[in-house]
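Number of protein chains: 2
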Amino acid sequence: MKKVHIIGLGLLGGSFALALKKAFPGIRITGTDHNQQHQEEAVQIGLIEEIKDVAAPDTDLILIATPVHTIPDLLRSVLGKIDKNTLVMDFGSTKAQICQSIADHPNRENYLAAHPIAGTEFSGPKAAIDHLFSGKILILCELEKTNLELKGKAYEIFEALGVKLRFMGPMEHDNQLAYVSHLSHISSFMLGKTVLDKMEDDKNILNMAGSGFSSTVRLAKSSPAMWTPIIKENKSNILEALNQYINNLMEFRDEIVQDDYKKLFKKMEEINRIGNLLNLEK
Amino acid sequence: MKKVHIIGLGLLGGSFALALKKAFPGIRITGTDHNQQHQEEAVQIGLIEEIKDVAAPDTDLILIATPVHTIPDLLRSVLGKIDKNTLVMDFGSTKAQICQSIADHPNRENYLAAHPIAGTEFSGPKAAIDHLFSGKILILCELEKTNLELKGKAYEIFEALGVKLRFMGPMEHDNQLAYVSHLSHISSFMLGKTVLDKMEDDKNILNMAGSGFSSTVRLAKSSPAMWTPIIKENKSNILEALNQYINNLMEFRDEIVQDDYKKLFKKMEEINRIGNLLNLEK
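So the sequence lines, in the order shown, correspond to chains W and D. Residue numbers are given in numbering that gives the first Met the number 0: position 229 of the first sequence equals residue 228, and the series is strictly consecutive. Residue numbers are given in numbering that gives the first Met the number 0: position 221 of the second sequence equals residue 220, and the series is strictly consecutive.
There's no promise every hint is true.
Each pair may be met inside one copy or between any two copies, as identical chains are not told apart.
Simulated pairs of lysine to aspartate or glutamate, DMTMM-like, Cα-Cα distance not exceeding 20 Å [unchecked claim]:
| id | residue 1 | residue 2 |
| --- | --- | --- |
| 1 | Lys234 | Asp259 |
| 2 | Lys231 | Asp253 |
| 3 | Lys20 | Glu158 |
Keep in mind the hints are simulated off the structure, nothing from the lab. Being a predicted model, the structure only gives us computed values, none of them experimental.
Turn these sequences into a full structure, and let the hints guide you.
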């Protein structure tokens, strides 16, 4: 791994750069970001060596780590310019439309669709941390469509990042992620909104908030520039998950109205097992 | 602080005992719990010196740390048996019905209504930790109704716990807590249910869950034995908050259906400020 080019120098792109620098001393990383300030910060804090619009011809890997709606165009453009030995990977949070957009591209085998389940509620190059991916899940889609040698290169990188790999189809990916990621961001944003609205009457209400509230509302700090496109790209799956969630809340609400506390107790008891399933103790 | 009696030896009662032992060497703590096993564990792991149904006559403080629905009866019974120098305090998560239940009690001035905004999603004496209250908010209601000397005793304890005090009326307390505590427990339980239901079709879905999901669903591990009574006691306030939350989710859902991404972006951007308000960076 000698030359890497990163398009999008935010939390994911920046953290990827830091992890590679640690794992491959002497690596040369170039990059670009449509945000001028982020681009300059990325050089200043040493995420990349040089700002470059286009990757050098002998680049080992080009990573696209921009908001999902920009990825199909970028990906087609990048795939049109590379040579045979360059692997192209993206970190988009939805995968179906991206995979479909380059399905028939002559250089399809140079591409690998990836999604790291890693992030914080912060964004931008300054939020980058070298261990962001360590121990985290990385989902790969349509691995069979990537060239064998380039797959070898990819595995070298994944080992350096310390990720745990999962494999699934892009449609399945987008549906499941709507439930375990996109929905919890929306629930958190709306919890934040509900309390902020209440704050107009009770301005000191947040003084009463404990760590439980902070934990559930943490994701409401997430970037709208990242999340608006995810909602758009994954609209139908998100609507499915969101409607299920609203139905569950309304059913719970109705059980409170009906004073059906036995049912509420039993329901909460059944849900408790999610703690063990997620190893929340750890 | 020489003699303390604790009714309810769970997470709160147990952690209170540990904090007092640290702050007041030589203190003698007795206690009781309707759960036989918890009671014995509390002695075994050294939370209390001795199991006792009733406090000794010269006890400095009796703490009631049981589920909220049991507090009014226990409190009346305890207040009926104490001498003038004993302070009685409860840690119930709702305060209006409790304060009302002893409003006319001849020993009202021996009572102080308290609610520490502290806890974890675990319960029982083994979950007790000595620093649970350190740096946390503790809300006091109707402080003016407590005897001056006993208030002095209470302040000595609060200083030892390291809590930050807040003062408010019991009605205001219950309404605000519905928003910043009770609602986020329900939102978390229902998020857990939505994903568990989905798991019936996609049994590996939790393999895809990242730290964001874990954070929002953490409270779904909370004890139904604690939360069912809270929902019952604070029914009207919880319904108010829950209905606001459901309305906000439905509005967000409708904006997705209508592809109104500009509005969604702006909305999420406005909610972002809750991060700064809660100092979530820290």
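These are the hints, each one checked on the structure:
With identical chains, the CA atoms of lysine 234 and aspartate 259 are at most 20 Å apart between copies only, with a shortest distance of 12 Å across copies and 35 Å within one. When the C-alpha separation of lysine 231 and aspartate 253 is checked against a cutoff of 20 Å, the pair qualifies only between copies, where the shortest distance is 13 Å, while the shortest distance within a copy is 31 Å. In this assembly of identical chains, the alpha carbons of lysine 20 and glutamate 158 lie at most 20 Å apart only when taken from the same copy (14 Å versus 49 Å across copies).
The structure agrees with every numbered hint stated previously.
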